[in-house]
Amino acid sequence: MARYALAFDIEKCTGCYSCVLACKDEYAGNDHLPLSAAQPYSEHNWLTIKEVEQGQGTKIKVDYVPMTCQHCENPLCATVAPEGAVYTRADGIVIIDPDKSKGCKEIVEACPYRVVSWNEEAQLAQKCTMCAHMLDNGETTTRCAECCPTGALIFGDLDDPNSEISKFMTEKGDRVEAYKPELGARPVVRYLGLPKVFIAGEVVCADTPAECPGGVKVRIAALDGSMSAETTTDFLGDFEFKNLECNQQYRVTAELQGYAPVELVVRANASKNIGELVLTK
Amino acid sequence: MSTQEQVFTSMTNGGPISVYVKDGKIVRVRPLQIEENDYKPWVIEADGKTYSPPKAVRVAPPVQAERNRTDSYNRILYPLKRVDFDPNGERNPENRGKSGYERISWDEAITIVSNEMQRLIVNYGGASISGMTSSHHNWGIVGYKMGPFSRFMNMLHYTPVFDNPDSWEGWHWGATHTYGYYWRLGMPEQFDLLEDALKNTEMIVLWSNDPDSTRGTYSGQESAIWRVWVKEKGIKTVFIDPFYNYTNAAMDGTWLPPRPGSDTALAMAIAYTWIVEETYDKEYVEARTVGFDEFRDYILGKGEDGLAKTPAWAAEKSGIAERKIVSLAREWASKRTSLSCGSRGGEGGACRTADGMDWARMMVLLQAMQGLGKPGISIWGMTMGAPSDSDKWFPAYAEPQGMMGKANIAQRKLSNENKTKQRLFRLTLPEAIMRGEEEFYGEGFCGQSLEQQFTKQTYPIEAPVRMFYRYGGSFFGTMVDTSKWVKMYQCPNLEMVVAQDCWWSGETKFADIILPACTGLERNDIGEWAACGGYTTNAHIGNNYRVIARQQKCVEPAGESKSDYEIFTLLADRLGKKELFTEGNTEDDWAKLFFESSDIAKDVSWEEFNKKGYHVVPVPDNYKPTPSMRWFVEGRPCDTPDTGNPKRGTEKAHELGTYSGKIEFSSVSLRENTPDDPERPVIPHYRESWEGYGSEPHKRFPLQLISPHPRFSFHTHYDNHCTWINEIPLHRVEKNGYRWWPVRINPEDARERNLQTGDIVELYNDRGSVLCITQVTERVPAGTIHSYASSAKYDPVVPGKADSPDKAGCVNILTPSKMMGRMVPGMTPNSCVCEIRKWEA
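Going down the list, the sequences are from chains A and B. When you number the first sequence by the working numbering, it's gap-free, plus one each residue, and the end is 281. When you number the second sequence by the working numbering, it's gap-free, plus one each residue, and the end is 841.
Derived by calculation from the structure, the hints in this document are not laboratory data. Beta carbons: idealized from backbone N, C-alpha and C, even for Gly. One or more of the hints may lead you astray.
Pairs of lysine to any residue, SDA-like flavour, derived with a Cα cap of 20 Å [unchecked claim]:
#, chain 1, residue 1, chain 2, residue 2
1, B, Lys-236, A, Gly-215
2, B, Lys-55, A, Lys-172
3, B, Lys-25, A, Tyr-41
4, A, Lys-172, B, Lys-25
5, A, Lys-242, B, Lys-231
Residues on chain B that point at chain A, a partial pick, calculated with CB under 10 Å [claimed, not checked]:
#, residue
6, Lys-25
7, Pro-54
8, Ala-56
9, Pro-61
10, Trp-724
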C-alpha cells in the first residue's frame, strides 16, 4: 500500500500561485463524493501561500510558504468529530467525510494549522484531500504538484524509494522538517527551507570609501556559545548569516589585516540588516 | 474521473491546455496532457552536469483559472445598446461611461452597426471609421485580431491606429540605432542562450527585469526551471530594479535599487569605470563597433557638457553608493557576465522612462564594451534560448502567412488592399479625435526599416474619424494619462463607438453598442504555443517543447456570444461583402488551410492532428546550437534562425542591421536622419528627466511611481474577469467588500503619511487620482512606490467623470502623456511622480 505525502521546497517556490489556482479549479463547484463535496466558488482555498518578508533596506528576503492540510498521523481535528467523520485512509490521506461530518464546525477550530475551511452553505468542514479521487482513478499526481514549474511542490509515495518525494527526502536529509511539530499532530507534509532568522550587513573600509572590500572575514558567534560560523564578504562587501536562532544574541566581527576589527552584538529577534561595519586602520 | 467527461485541447496566451467538459460545462482545465511518448526532452551538458526539462508543459499561472474566466461573472452575454443612444436621433455622446444599457437582439445590433458603417462610408469614405484591438485576450491564428478584425476593417478601408511598442519602447526607439534588430523591434535574438549561460556565464546582471513575472511574454513558466538551475549552479545574480521583484526573491540575488529614471546615469558610470581602468574589450570595440572615441569623450567629460560620468556622480543621481557602482563594474568586467534585460531580452520598466531610449542604448553599449556575443557574454532575458527545431515552419499570428487577410491561402489579401493612407497613433489617438488634427512621427511598430521611425504623419488627410470600433481589453490600465481616453469617448466627434469583447473591461462601458464575443474555448481554431512570428520569429525557443494545438470548441458560447469571425461575417453580409470577406470559408476551413500550408502537414495529417488535438515538434537528434551573435563576434554570416534579419543569406550576412553593420556607439542612422535632435542625440546622453528625482514636479509630488507589467494577469486579461485571480492576495486585496489594487510603499514613507498595510489611499498628481490599498514593504526603497499597470477595471467614484478618483486601480491615469521626444514617440509611464494620502479616515 502506498503512503502518500506532500513536500514543499521553499528554496524553489517562487510564489507563482499556480498550485493555488489549480486546486481551486479542481474543487470549486466540483463534487468528488464520497471524498469531498464541492468547494464554494469563491473565497475558499484548501491550499494557500503565505508571503514572508524579512530584513530591511537592501538586505531583504521574501519567501513563500505554502500551507495546506498536513495530513497528520495524529489528526487533532478527528478528536472533535463524530465517529468516522474524520478518518485516515490506508494510504495516509486524512479525509473529512462530507456526509458524516455535516454540521460539525468544531473540526475547523480543532485544526492547529488553521487549514480547514467552513462551508457555511453546505454546513461542512472542508480541506485538501491530496486529490484522493484522482489517485483512486489511477492518476499519479495531485493538481497542485502537476503544475509546479520549479519542482517546489513534490507529491509521491513515501514507500516507493523511486518516487520523487522519497528521492527528495533522501537527498535533503536532515534539512527537511515538519511545520510546527511541537503542536503534537505528527504532520506528514514536509518543508525544506522554512524562513529562519538571518543577519546581514556590509563591510566598508574607511580609508577606501569608493570601493567595496571583498573577501573580508566575518564571524558570528552566539553569546551563549551555542554556535559560531564564518563567512567572507562578496564583491560588494556584503555578508549574511542564515538559519539563526530567533531571539538569540550574536556577536558579529569583521576582520581585515591592517585594520582594527569591528564588533557588534545583535539580538536576532527578527532578521536584521545591521548596516555598515566600518573598518579603520 | 467520470466516463461522461470529454477532454478537449486548446491553446492560450500562456500555454496549451486540456479542457475537461461534462454536461456542456467545463469542469477542469489542466496543462495539456501530452502522451509520455510524445516528449523528447533535450539535454544540455555543462560542467559535467546534464540539464533536461521535465516531461510537462508549464503554463502561465492565470491560465490555471481558464475555467473561471470562461464562466466569468463579467462575461458579456447579449448584444447591448446604451439606453440614451439613438442612431436616428439623440446620441448623447457625453453620457458614454455614465448611462446604462439595454439588451437588444443580434439583428438589431448588426443593423445599427452596419447601417452606421454604410452611412459613413457613403458620406465620408471608409477612412472615417477607425478601430483598435488589444492583444492576446484569446489565442489562435484564425480568431486573432490580425485575422478577422484586420481582414474586415481593411476591407472597409478603415483608418488603422498604429500601436506604440508599449512593452519595449526604449529598445525600439533607441537600441535599434546601436545594433539594428529593428526587425525584432529592438530586442536582440535569443537563440541558444540558455546553453551558453549554463556553460559559460559567471554572473548575471538583471537590469529592470523580472522574468518570473513577465515569463517571456507567452511562454508560461517554461523558463522557471532554468532559473532554478542557474541558482543551483551558483551563478551570481545582481538585480538592478527599484522594486525587489519576484525573480530577485526567488533567486535570492543581490539587490541594487536605483531611483526610477537614473538607470542611464548608473550605466554611464559603469562605462566610465571600464574606460578609466581600461577593463573593456578593446579588440572587440576596435573591430566590431564604430564611434567609440566620441562616446568615450562624452563619458569622460570631454564632450559638450564637460561632465565626467563618474561613479560618484551616478551615486548622487541613483542613490546607489559610489563604491557599489565601482565594485559592480569591476566584477562585471572580470567575469563572463550576461546582462539580463526584459521579458524576451529587451523589455522592463526602465525602457519606459523619459530617457528609456538612452538607457536601452547603454545596455547594448555596455555589453559591446565586454564583447557582446562572446561565450557567456550576452543580452539574455532568461526566458528564451532553449534548443528547438526552428526549421519546421508553422504560421504565427503576426507574420503575413499567419493572417487570413495577408496569407497566400487567401484568394484576396484584403488586409493589404486598404486604400486609405490615413493613420492614427495610439498614444495620441485621444488628442487626434478631440482636436480633430494631429501630427506624429513613426509608424508604430517600425519593424521594416530604421527609416520608418522618421516618417511624419499628419491626421486627417482623408476624413476625420467618426466611428471607433474597440475590440478586446482596456487601455485605461495600460496606456498613459488615461483619463484622456474618457474624454475622447465623451467627445461628440465620435458619432458612434462599438465595443466587441468577451468580458466587461474598463473601456467597454464607453460604447454605444456592445457586441458579445465568445472565448477561445468556445470556438475552433489552431495555434502554436508562444508563436508570435513577426517581430519575434521562432518565439517557441521560450518553451521547452514546441507545441502546436488544435483549438477545439469545448463548450457552446456563453449567452448569445458569437465568434469574432462570425460577428464580422454578419456585418459583412449586411454590407454586401460576405463572399468577399469569407471566400466561402468557415473558421474551420481557414484552420485547415493554415495547417495544410505549414511544414507540420508533411509530418502529420489534418485528420490525425484534428483528432489528437496537438503535435509536439521534436528537437532533432543532430541539433547544433547557434548562440546569438556568436556569428557577429566571429565575423561569420548570421547562422541563427533569426529569419527576419534582412541581411541573413546575403553577402552582408555577417553584419548587424545598423547602417555601418557594426555596433554604433555613435549612431550613424541618427546622424544621417536626425543629426540635430537634442532629444535623441547620436550618442546616448544623460539628461535630467522632466519628471524625475529632483525635477520641479517632484518637489510638489515627492514619490516616484513605477508601474511595471503585472504578475498575475496579462495586459488587462484575467484581472477582474476571474474571481480566483482577483482573490490572489498579492494581486487584489479585499476590504469592505471591494477588491482594491495594491500600492507598495516603504515603511519610512508610510510612517511619514501615517499609513499602514490595508489602508485605502489616494494616489494623486495634477493628472488625476487613483485609489489603492496600501502594502507597506521594504521591497521598494523610500521615495519610490510600486503599483502594477494593467487594471482591467475602471470604476471612478463618479461614474464616467474623467477626473473622478478611480477605485479600480488604473494607476496609468497618473502617468504622463509626454513622450520621450517629439520625434521619439515612446511612452514614459515610469517617469511619474505623485503623492499619497489616506482616503478614508
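Results of checking the hints against the structure:
no.: 1; hint: B:Lys-236 with A:Gly-215; verdict: 15 Å, holds
no.: 2; hint: B:Lys-55 with A:Lys-172; verdict: 23 Å, violated
no.: 3; hint: B:Lys-25 with A:Tyr-41; verdict: 15 Å, holds
no.: 4; hint: A:Lys-172 with B:Lys-25; verdict: 43 Å, violated
no.: 5; hint: A:Lys-242 with B:Lys-231; verdict: 17 Å, holds
no.: 6; hint: Lys-25; verdict: 9 Å, holds
no.: 7; hint: Pro-54; verdict: 7 Å, holds
no.: 8; hint: Ala-56; verdict: 7 Å, holds
no.: 9; hint: Pro-61; verdict: 5 Å, holds
no.: 10; hint: Trp-724; verdict: 5 Å, holds
Consistency with the previously given hints fails for numbers 2, 4, ordered from lowest to highest.
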